[in-house]
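Engineer: Here the protein sequences line up with chains A and U, keeping their order.
For the first sequence, the positions run 1 to 113 when my numbering is used.
For the second sequence, the positions run 114 to 624 when my numbering is used.
Be aware that a few hints might be false.
[Claimed, not checked] Straight-line alpha carbon distances no greater than 20 Å define the calculated DMTMM-like cross-link-like pairs of lysine to aspartate or glutamate that follow:
#, chain 1, residue 1, chain 2, residue 2
1, A, 52, A, 100
2, A, 55, A, 75
3, U, 229, A, 59
4, A, 86, A, 61
5, U, 229, U, 204
6, U, 229, A, 64
7, A, 86, A, 75
8, U, 283, U, 240
9, U, 416, U, 513
10, U, 188, A, 64
11, A, 55, A, 102
12, U, 471, U, 347
13, A, 47, A, 59
14, A, 106, A, 91
15, U, 229, A, 92
16, U, 188, A, 59
17, U, 229, A, 100
18, U, 330, U, 340
19, A, 106, U, 264
Hints are computed from structural coordinates only; laboratory data are not their basis.
Each chain, written out:
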Amino acid sequence: MAKSKKTPKNTKVKVEDAPNSIGGKYILRLFVTGNLPNSARAIINIKAICEKYLKDAYELEIVDIYQQPLLALTDEIIAIPVLIKKFPLPEERLIGDLSDVEMVLKGLHLTNN
Amino acid sequence: MKKVIQQKVTKFILSKSPTGIQGLDDITNGGLPKNRPTLLLGNTGCGKTIMAMEFLVNGIVMFHETAAFLSFEEKTDELAMNARSLGYDLDKLVAEKKICLEHIQMSRDPVLLTGKYDIEGLFIRLELAINMVNAKRVVLDSLDTLFYSLDYETLRSEIKRLFSWLKEKKVTAIITAEVGDGFLSRHGLEEYVADCVIVLDNRVKNQIATRRLRIVKYRGSVHGINEYPFLLDERGITVFPLVSEAVQQKSTLLRVSSGIRDLDEMLGKKGFYAGSSILISGTAGTGKTSVAASFAYDVCKNKKRCLFCAFEEAPNQVVRNMSSIGFHLEPMVKSGMLTFYYSRPTLQNLELHFIAVKKLIKEIKPSVVILDPITNLMTEGPNSDIRSMLTRFVDYLKIEHITVMFTAAITVGSIERNPSDEGISSMVDTWMMVQDIEVEEERIRSMCIMKSRGMEHSNKVRRFTISKTGITLSAIVRKEKGTNTNSKRNNKENDNLSTAKLSKDNSETAR
Numbered sequence: 001m002a003k004s005k006k007t008p009k010n011t012k013v014k015v016e017d018a019p020n021s022i023g024g025k026y027i028l029r030l031f032v033t034g035n036l037p038n039s040a041r042a043i044i045n046i047k048a049i050c051e052k053y054l055k056d057a058y059e060l061e062i063v064d065i066y067q068q069p070l071l072a073l074t075d076e077i078i079a080i081p082v083l084i085k086k087f088p089l090p091e092e093r094l095i096g097d098l099s100d101v102e103m104v105l106k107g108l109h110l111t112n113n
Numbered sequence: 114m115k116k117v118i119q120q121k122v123t124k125f126i127l128s129k130s131p132t133g134i135q136g137l138d139d140i141t142n143g144g145l146p147k148n149r150p151t152l153l154l155g156n157t158g159c160g161k162t163i164m165a166m167e168f169l170v171n172g173i174v175m176f177h178e179t180a181a182f183l184s185f186e187e188k189t190d191e192l193a194m195n196a197r198s199l200g201y202d203l204d205k206l207v208a209e210k211k212i213c214l215e216h217i218q219m220s221r222d223p224v225l226l227t228g229k230y231d232i233e234g235l236f237i238r239l240e241l242a243i244n245m246v247n248a249k250r251v252v253l254d255s256l257d258t259l260f261y262s263l264d265y266e267t268l269r270s271e272i273k274r275l276f277s278w279l280k281e282k283k284v285t286a287i288i289t290a291e292v293g294d295g296f297l298s299r300h301g302l303e304e305y306v307a308d309c310v311i312v313l314d315n316r317v318k319n320q321i322a323t324r325r326l327r328i329v330k331y332r333g334s335v336h337g338i339n340e341y342p343f344l345l346d347e348r349g350i351t352v353f354p355l356v357s358e359a360v361q362q363k364s365t366l367l368r369v370s371s372g373i374r375d376l377d378e379m380l381g382k383k384g385f386y387a388g389s390s391i392l393i394s395g396t397a398g399t400g401k402t403s404v405a406a407s408f409a410y411d412v413c414k415n416k417k418r419c420l421f422c423a424f425e426e427a428p429n430q431v432v433r434n435m436s437s438i439g440f441h442l443e444p445m446v447k448s449g450m451l452t453f454y455y456s457r458p459t460l461q462n463l464e465l466h467f468i469a470v471k472k473l474i475k476e477i478k479p480s481v482v483i484l485d486p487i488t489n490l491m492t493e494g495p496n497s498d499i500r501s502m503l504t505r506f507v508d509y510l511k512i513e514h515i516t517v518m519f520t521a522a523i524t525v526g527s528i529e530r531n532p533s534d535e536g537i538s539s540m541v542d543t544w545m546m547v548q549d550i551e552v553e554e555e556r557i558r559s560m561c562i563m564k565s566r567g568m569e570h571s572n573k574v575r576r577f578t579i580s581k582t583g584i585t586l587s588a589i590v591r592k593e594k595g596t597n598t599n600s601k602r603n604n605k606e607n608d609n610l611s612t613a614k615l616s617k618d619n620s621e622t623a624r
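So here's chain A without its partners, still in its complex pose:
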């Protein structure tokens, strides 16, 4: 069980174990469109957030739907960029360039409030 660092609100964050996760790690998939501004920002933002709050407790996959358009179908992608939290359940979708850190943490259930 991995423990995270403190959030800006000083709330504790914990990552739960689950049998079908990769060692209880967060599984995140970020859909982007090439290196358009929103996408480029989203990549930087999510990497920073993961490193800060989920260090060594996450798997992040970045999908460029320009390269792999069919994945846009399987994951029902409309808005871009979008971060999908595949694990832990429930699955959650975060739309936008992930610059609102508080909102991202809320979406990832990394806050207790």
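Fit chain U to the given chain A structure using the hints.
Structural biologist: For chain U alone, kept in the frame of chain A given last:
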């Protein structure tokens, strides 16, 4: 119809994409703007999806243009099922790579917005769908679903981008959206995003719902500006332009028998003109339907098709009743010579009855149409409307060279006045009146010809007898012979008629 559409295709090949929807191509002067998006607005249940679907399927079937349907609401199997109810086999078209159906799942849960975004994902999926079948026609149904979860500011610019993207792609697109409370109209977006905006509406007036269509805007094209009623049934959509059909009636000297020999005698010995309009008016129970049935029977016997529109009695009731007077209609229905259209007048607007009848006419191509009775339809809607609709309908039948017979029920006391009031008498070529009269303390049926354009006709009032073997006409006999000049004349004519009669009928006359 197909011919007409194809003519229009060549005429507007540069700018319009025909819908193949009956009537819509007429009021849009050839179809929707080609390679451009059209906005189709309307409330739930107006027929947006069906109209959009028909546009695509017609495109495939009639104009060999492949299509992509992106549905935000209905799943692809639901779409296929709905299309099947219109007689389209979408599964087959999908298998033949003529159409690409794509369901786009939009979450209705509030989504977390964490910053700037666009809807490039939709564009990519749209492009995939278009490329899959090389689609020329595209439908997005409906746009409003996007607004459940995404924010207005972003969408406003993204919708604009979508419309220009579709233009760049050179596809003819229909984008549907809700009207009124919907996003687009609420923010006035439809004003500038689309080149063509069509609004559908489902209105209830006097408890009768009528769907209507209006072209709000059509950049760079003339179009009909009225509201046009349209019909949505198992054969798809038909829009009925209110513009009067150009009257290019073909007049012939051909005659058709009324089915009643004595009546033919009265009508210059030959019967009605083919392609003319005939009115039979009379009070209740005077035998209007019998006269109409006799006409239908004779037409079918001569191997011509007849469409019998029954607004009062159900078809099987008509068949049963008429067989009691020697007109066996059932085999004619079975052989397809006689077709019944039966509908309660109150079920829908008069205009829609005409649309439905018109559709049937196109299908079965009858040489005679019977409307029994027209007065039942009169109860629906204000009179001036009815008059213009009826005139237009008669015009249409004349162009198609179809003989039409109306029956009109009138109430006692308004016999002379009533049909003229509705303006029917002026548009019919032959007007016959059946009524009960009292002769020698006995009520008998009588018939007379009020008018018959362009032919010699009898001006006698005839006794009108319905028996097991059909309808016969004879002179009205009065007892006090010689005292009344009128009866003298009647007797004279009676003699003339008798020579042309069967002996059986003679006994009827003598009685």
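Engineer: Each of the hints needs a verdict: does it hold here or not?
Structural biologist: We went through each hint and held it up to the structure:
| no. | hint | verdict |
| --- | --- | --- |
| 1 | A:52 x A:100 | holds, 15 Å |
| 2 | A:55 x A:75 | violated, 26 Å |
| 3 | U:229 x A:59 | violated, 24 Å |
| 4 | A:86 x A:61 | holds, 11 Å |
| 5 | U:229 x U:204 | violated, 39 Å |
| 6 | U:229 x A:64 | holds, 17 Å |
| 7 | A:86 x A:75 | holds, 11 Å |
| 8 | U:283 x U:240 | holds, 12 Å |
| 9 | U:416 x U:513 | holds, 18 Å |
| 10 | U:188 x A:64 | violated, 27 Å |
| 11 | A:55 x A:102 | holds, 17 Å |
| 12 | U:471 x U:347 | holds, 14 Å |
| 13 | A:47 x A:59 | holds, 11 Å |
| 14 | A:106 x A:91 | holds, 13 Å |
| 15 | U:229 x A:92 | holds, 18 Å |
| 16 | U:188 x A:59 | violated, 33 Å |
| 17 | U:229 x A:100 | holds, 10 Å |
| 18 | U:330 x U:340 | holds, 13 Å |
| 19 | A:106 x U:264 | holds, 19 Å |
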